[in-house]
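**Student:** Now for the letters of each chain:
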Amino acid sequence: MALLDVKNLSITFGGLHAVDDFNLSVEEGQLYGLIGPNGAGKTTVFNLLTGVYKPTSGTILLDGRDITGHKSAEINKDGIARTFQNIRLFHQLSVIDNVKAALHGSFKYSTFEAMFHIGRFSSTEKELREKALSILRVFGLDTVSEILSSNLPYGQQRKLEIARAMATEPKLLLLDEPAAGMNPNETAELMETISLIRDKYKITILLIEHDMKLVSGICEYVTVLNFGKVLAEGKTKEVLANPEVIRAYLGDDE
Amino acid sequence: MKKPNLSKKSAGRFTTYAIVAAAWAVLEIMLHTGLMSSHMQGLLVPMAYYAIVAVGLNLCVGILGELSLGHAGFMCVGAFSGALFSLLTAGKLPDGLRFFLALVIGVLLSALAGFLIGIPVLRLNGDYLAIVTLAFGEIIKNIINALYLGIDSKGMHVSFESQAALNMEPEGQILINGAMGVTGTPHDSNFTIAIVLLLLSLVIVQNFIDSMDGRAVMSIRDNRIAAESIGIPVTKYKMLAFTVSAAIAGMAGVIFSHNIATLQSTSQYFGYNVSIMILVYVVLGGIGNIRGSVIAAAILYMLPELLRGLNKYRMLIYSIVLIAVMIFNWAPGAIEKRTRFFDRIRKGIRNGAA
Ligand SMILES: Nc1ncnc2c1ncn2[C@@H]1O[C@H](COP(=O)(O)OP(=O)(O)OP(=O)(O)O)[C@@H](O)[C@H]1O
Ligand SMILES: [Mg+2]
Numbered sequence: 004m005a006l007l008d009v010k011n012l013s014i015t016f017g018g019l020h021a022v023d024d025f026n027l028s029v030e031e032g033q034l035y036g037l038i039g040p041n042g043a044g045k046t047t048v049f050n051l052l053t054g055v056y057k058p059t060s061g062t063i064l065l066d067g068r069d070i071t072g073h074k075s076a077e078i079n080k081d082g083i084a085r086t087f088q089n090i091r092l093f094h095q096l097s098v099i100d101n102v103k104a105a106l107h108g109s110f111k112y113s114t115f116e117a118m119f120h121i122g123r124f125s126s127t128e129k130e131l132r133e134k135a136l137s138i139l140r141v142f143g144l145d146t147v148s149e150i151l152s153s154n155l156p157y158g159q160q161r162k163l164e165i166a167r168a169m170a171t172e173p174k175l176l177l178l179d180e181p182a183a184g185m186n187p188n189e190t191a192e193l194m195e196t197i198s199l200i201r202d203k204y205k206i207t208i209l210l211i212e213h214d215m216k217l218v219s220g221i222c223e224y225v226t227v228l229n230f231g232k233v234l235a236e237g238k239t240k241e242v243l244a245n246p247e248v249i250r251a252y253l254g255d256d257e
Numbered sequence: 071m072k073k074p075n076l077s078k079k080s081a082g083r084f085t086t087y088a089i090v091a092a093a094w095a096v097l098e099i100m101l102h103t104g105l106m107s108s109h110m111q112g113l114l115v116p117m118a119y120y121a122i123v124a125v126g127l128n129l130c131v132g133i134l135g136e137l138s139l140g141h142a143g144f145m146c147v148g149a150f151s152g153a154l155f156s157l158l159t160a161g162k163l164p165d166g167l168r169f170f171l172a173l174v175i176g177v178l179l180s181a182l183a184g185f186l187i188g189i190p191v192l193r194l195n196g197d198y199l200a201i202v203t204l205a206f207g208e209i210i211k212n213i214i215n216a217l218y219l220g221i222d223s224k225g226m227h228v229s230f231e232s233q234a235a236l237n238m239e240p241e242g243q244i245l246i247n248g249a250m251g252v253t254g255t256p257h258d259s260n261f262t263i264a265i266v267l268l269l270l271s272l273v274i275v276q277n278f279i280d281s282m283d284g285r286a287v288m289s290i291r292d293n294r295i296a297a298e299s300i301g302i303p304v305t306k307y308k309m310l311a312f313t314v315s316a317a318i319a320g321m322a323g324v325i326f327s328h329n330i331a332t333l334q335s336t337s338q339y340f341g342y343n344v345s346i347m348i349l350v351y352v353v354l355g356g357i358g359n360i361r362g363s364v365i366a367a368a369i370l371y372m373l374p375e376l377l378r379g380l381n382k383y384r385m386l387i388y389s390i391v392l393i394a395v396m397i398f399n400w401a402p403g404a405i406e407k408r409t410r411f412f413d414r415i416r417k418g419i420r421n422g423a424a
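Residue numbers (the numbering used here), protein chains in the order written: chain A, 4 to 257; chain B, 71 to 424.
Worth flagging that the hints you see were computed from the coordinates, not collected in a lab. Bear in mind that the values here come from a model prediction, so they are computed numbers and not experimental data. In this text, a Cβ means the ideal position worked out from N, Cα and C, and glycines have one as well. Do not rely on the hints blindly, as some may be mistaken.
Claimed, not checked - Derived CB-CB ranges, DEER-like: (1) A/Leu19 - B/Thr409: 42 to 52 Å; (2) B/Thr409 - A/Asp24: 52 to 62 Å; (3) B/Gly403 - A/Glu247: 52 to 62 Å; (4) A/Leu19 - B/Arg414: 52 to 62 Å; (5) B/Leu137 - A/Phe16: 26 to 36 Å; (6) B/Gln111 - A/Thr114: 35 to 45 Å; (7) A/Thr114 - B/Met372: 29 to 39 Å; (8) A/Glu195 - B/Phe411: 36 to 46 Å; (9) B/Pro190 - A/Phe115: 24 to 34 Å; (10) A/Arg140 - B/Ile213: 55 to 65 Å; (11) B/His109 - A/Thr114: 38 to 48 Å; (12) B/Ala205 - A/Asp66: 44 to 54 Å.
Unchecked claim - Which chain B residues stay away from chain A? Per the calculated CB distances, all over 12 Å, these: (13) Leu158; (14) Val287; (15) Pro303.
Using the sequences and the hints, build the whole thing.
**Tutor:** Shown next as structure tokens:
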């Protein structure tokens, strides 16, 4: 059984069929690419998968469970975490506090203990801090943990978003153009990090990317979206050689 | 000797407590050595309760990121519910216990008011809270202003017309006499109690900010969609922060009503202008800067009163101080200098202790 099974997913904005009868099946452990020209509906698919938008029709199954219509916070608890195309960090919080906020679900003390820093507060905060630092270390961000997140360079902000998503221990990680705005060095480093977390945490990753080098470098499978519809899907090499796909890209993008 | 191992955040918290305690000590000494005019003596308790409301409001505006224009309304709820409790139990309970229970009741009822307002408003995403709290503050003030309430052997009597319409037995007790308000509330609060409660609200708010709950609230402020994406129950935390904020304003209200001979529900005390005045303290003290709220409330409340003697120049000096406070709190250069100054003081204290 596939980890993520999306059937006939559609949403319309006014008259626009932003996502139209979209189907996708991602197996556990896969690193799957979602590609397509600008405005194809890729980000909208992510917003549907994470409950930001409610689909007009269709179903989303995660691990065989129907999660269609669940609210965003619930879907995170169901096991999906994501990053955003236009970075959405908690900009007034430090780097480590961004990750601590995401560890919210794994630690517990009462509001009363929080208000007086008593009881479970100190020991829990200590564990929380260690956990957050260990996550930051994976992304090489532990040395800047106390910096305000909005003061990080762009590439590190993108990494921090991934770290924050990983802190919620998802089964499925959605990355929306993780390499956007990065230079070739940063991109190469990021590709390494993405492969590394997939292997280390044994999670499944679905990523949107424009950078074809990145996609063909790390994604085993891709789905191509064009005008809200699936244009092609399958093994990355085969799909990227598909004349229709090439035409869609040449026509709209390059 | 072992160096005190305080994180920067907790060191900052203790600096705030130290400032408040030092101000209290100086003012108490002045009070007991006759160095303070009777006019100024009367300003101490109000200064403290406005600082408390400012701390509570900053939790709502600076930490939660929601604008409230009705915190005077929560003060009003706390003031009247606390006063009524004290009137009804005067002579039946020891003074200390009575005031403590009045505080508990004022805090609970204003928290309830905040909670009830939050249910419909805070689940919406948008700036609806400002307008709803503005309306709430005005409505609660006007309702209480029109309310007649009395008690006799038959129980409670309520009217919105006149005292006569209460139909009371002659030996009955009038609790709220319409626009004339409540008289005879025991004078249970004083400057020291008000300062202790200011410290309590500072402990609660500053500790809250530096906890999982606080981080959840601030993550919602910074980016709601991202906060939801990491599983934070947004409505729950908005409700929590707003309810606590309202409760703190209610606590200030209880101090207020136990420090005044005649408690009236008028615009002067509970109108939107008061809510805005407190918002000015919060904004000038620094949005999200809890210590700044206390300092701004103290200075900006005291200043116009102390300048009364200088009739002609009063507003001029006041405006200059407003601008100075704004620069001190908001100009990047000033912030940097200030941070360095406090760091140096902290280092000095640490070295002194070592
Ligand atoms: N909330 C919305 N309301 C109306 N239209 C929307 C909304 N969100 C997306 N759209 C439209 O849906 C279409 C798909 O947008 P989407 O952002 O999903 O594209 P994309 O494939 O992610 O593009 P890009 O590569 O530029 O990020 C676009 O035409 C966009 O304008
Ligand atoms: Mg997009």
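**Student:** State for each hint whether it applies.
**Tutor:** Here's how the hints hold up against the structure:
Here the CB-CB span from A/Leu19 to B/Thr409 is close to 50 Å, well matched to the stated 42 to 52 Å. The hinted window of 52 to 62 Å between B/Thr409 and A/Asp24 holds, with their beta carbons roughly 57 Å apart. Between B/Gly403 and A/Glu247 the C-beta distance comes to about 59 Å, which sits within the given range of 52 to 62 Å. A hinted range of 52 to 62 Å for the beta carbons of A/Leu19 and B/Arg414 is consistent with their spacing of about 59 Å.
At roughly 30 Å, the beta-carbon separation of B/Leu137 and A/Phe16 lies within the given 26 to 36 Å, and the hint holds. Hint check: B/Gln111 to A/Thr114, Cβ distance near 38 Å, so the stated range 35 to 45 Å holds. Hint check: A/Thr114 to B/Met372, Cβ distance near 34 Å, so the stated range 29 to 39 Å holds. A beta carbon spacing of about 44 Å between A/Glu195 and B/Phe411 agrees with the range 36 to 46 Å that was offered as a hint.
Roughly 27 Å separates the CB atoms of B/Pro190 and A/Phe115, a value that falls within the hinted 24 to 34 Å. For A/Arg140 paired with B/Ile213, a C-beta distance near 58 Å keeps the hint of 55 to 65 Å intact. At roughly 41 Å, the beta-carbon separation of B/His109 and A/Thr114 lies within the given 38 to 48 Å, and the hint holds. Judged by the Cβ atoms, the range 44 to 54 Å given for B/Ala205 and A/Asp66 holds: they are separated by roughly 47 Å.
The Cβ of B/Leu158 lies farther than 12 Å from every Cβ of chain A, with a closest approach of about 29 Å, so its non-interface assignment holds. For B/Val287, the requirement that its beta carbon stay farther than 12 Å from each beta carbon of chain A is not met, with the minimum near 10 Å. Under the 12 Å C-beta cut-off, the non-interface status given to B/Pro303 relative to chain A is violated; the minimum distance is some 6 Å.
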